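These protein sequence lines are chains A and B, in that order.
Per this note's numbering, numbering of the first sequence is gapless, rising by one per residue and ending at 96.
Per this note's numbering, numbering of the second sequence is gapless, rising by one per residue and ending at 247.
Because the hints were derived from the structure by calculation, they are not lab data.
The structure displayed is predicted, hence computed values, not measured ones.
Hints should not be assumed to be uniformly reliable.
Taking lysine-lysine pairs in the PhoX-like style, the calculated list, with each CA pair at most 20 Å apart, reads [what the hints assert, rightly or not]:
id, chain 1, residue 1, chain 2, residue 2
1, B, Lys150, B, Lys185
2, B, Lys144, B, Lys196
3, B, Lys194, A, Lys83
4, B, Lys196, B, Lys150
5, A, Lys83, B, Lys185
6, B, Lys150, B, Lys194
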Amino acid sequence: AQTVTQSQPEMSVQEAETVTLSCTYDTSESNYYLFWYKQPPSRQMILVIRQEAYKQQNATENRFSVNFQKAAKSFSLKISDSQLGDTAMYFCAFMTLSGNTGKLIFGQGTTLQVKP
Amino acid sequence: GAVVSQHPSWVICKSGTSVKIECRSLDFQATTMFWYRQFPKQSLMLMATSNEGSKATYEQGVEKDKFLINHASLTLSTLTVTSAHPEDSSFYICSAPTGVSSGNTIYFGEGSWLTVV
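Bound-form chain A, shown alone:
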C-alpha cells in the first residue's frame, strides 16, 4: 500500500520570501504521478503542480517548483516570492498509473500562513 507523509503540520513565511514544504512517500510502483494541491478556506481543491515519476526534470509552474528525488521518495514543494494569497492548506498526493487510476492518496497536509 502506498503512503504519503507530510511532517510539517504548520509553517509560516514572510511575504516575498521562499518556503519549502516537505513530502515523502512510500510505494513499490514504478509508474505514478505526484501532486501538490492547495486548499484555501473555501475548501476548493486547486492543483498546484504535477510530477510524472518517469520524468527526471522537476516540474515548475511560475513561482512553484518541486524537488523530486525518486530514489529517496521525496517530493518537496518550493514557493518563491510568497504572496498573501498563498495562505492555505497544502496537500501532497500520490496516484498510481496502474489499475484504478484517479485514486489519490493524500498526506496529512501542511497549513501555510504567509505573513505581511
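Position chain B against the provided structure of chain A, taking the given hints into account.
Frame of chain A, contents of chain B only:
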C-alpha cells in the same frame, strides 16, 4: 469554469434522515469517480470508488450500507448518507479523472458540507 459540479454545497438534515449528494462531470465522461471525506483541519480520506454500471468499491472501515454510492450514468455519481447521525457531519468532496487519453487530469467538485442536527 467548473468541470465537476457537486450539489448541494451545504445541507443540514435531521438525525435519522437520509441525504443525497450529487457529483456531476460537465465536460467529460467519467467511468470512475471518487468520494472523499474531510474533517476540520485534517486530510482527505478516500471513502469509495464509484464505478459506472457496477458496484462501488469501499475503503476499509467505510460502511457501505450507510454511505450508498450510485453511478447511474457516465456523468453522475451520487452519495447517499443513510440514517444520518451527528458524527456523519463532515465535508464531502468528489473527484473525477479524465482518463489516460485525456491526460489523466483529476477534477474535484466544490465539496459539500453536511451538518446533521
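Hints, verified against the model:
1. B:Lys150 - B:Lys185: holds (17 Å)
2. B:Lys144 - B:Lys196: holds (15 Å)
3. B:Lys194 - A:Lys83: Holds. Lys194 of chain B to Lys83 of chain A sits at ~18 Å (cutoff 20 Å).
4. B:Lys196 - B:Lys150: holds (12 Å)
5. A:Lys83 - B:Lys185: Between Lys83 of chain A and Lys185 of chain B the Cα gap is close to 16 Å, so the pair holds against 20 Å.
6. B:Lys150 - B:Lys194: Distance ~14 Å between Lys150 of chain B and Lys194 of chain B Cα, so the pair holds.
In terms of the numbered hints stated before, the structure departs from none.
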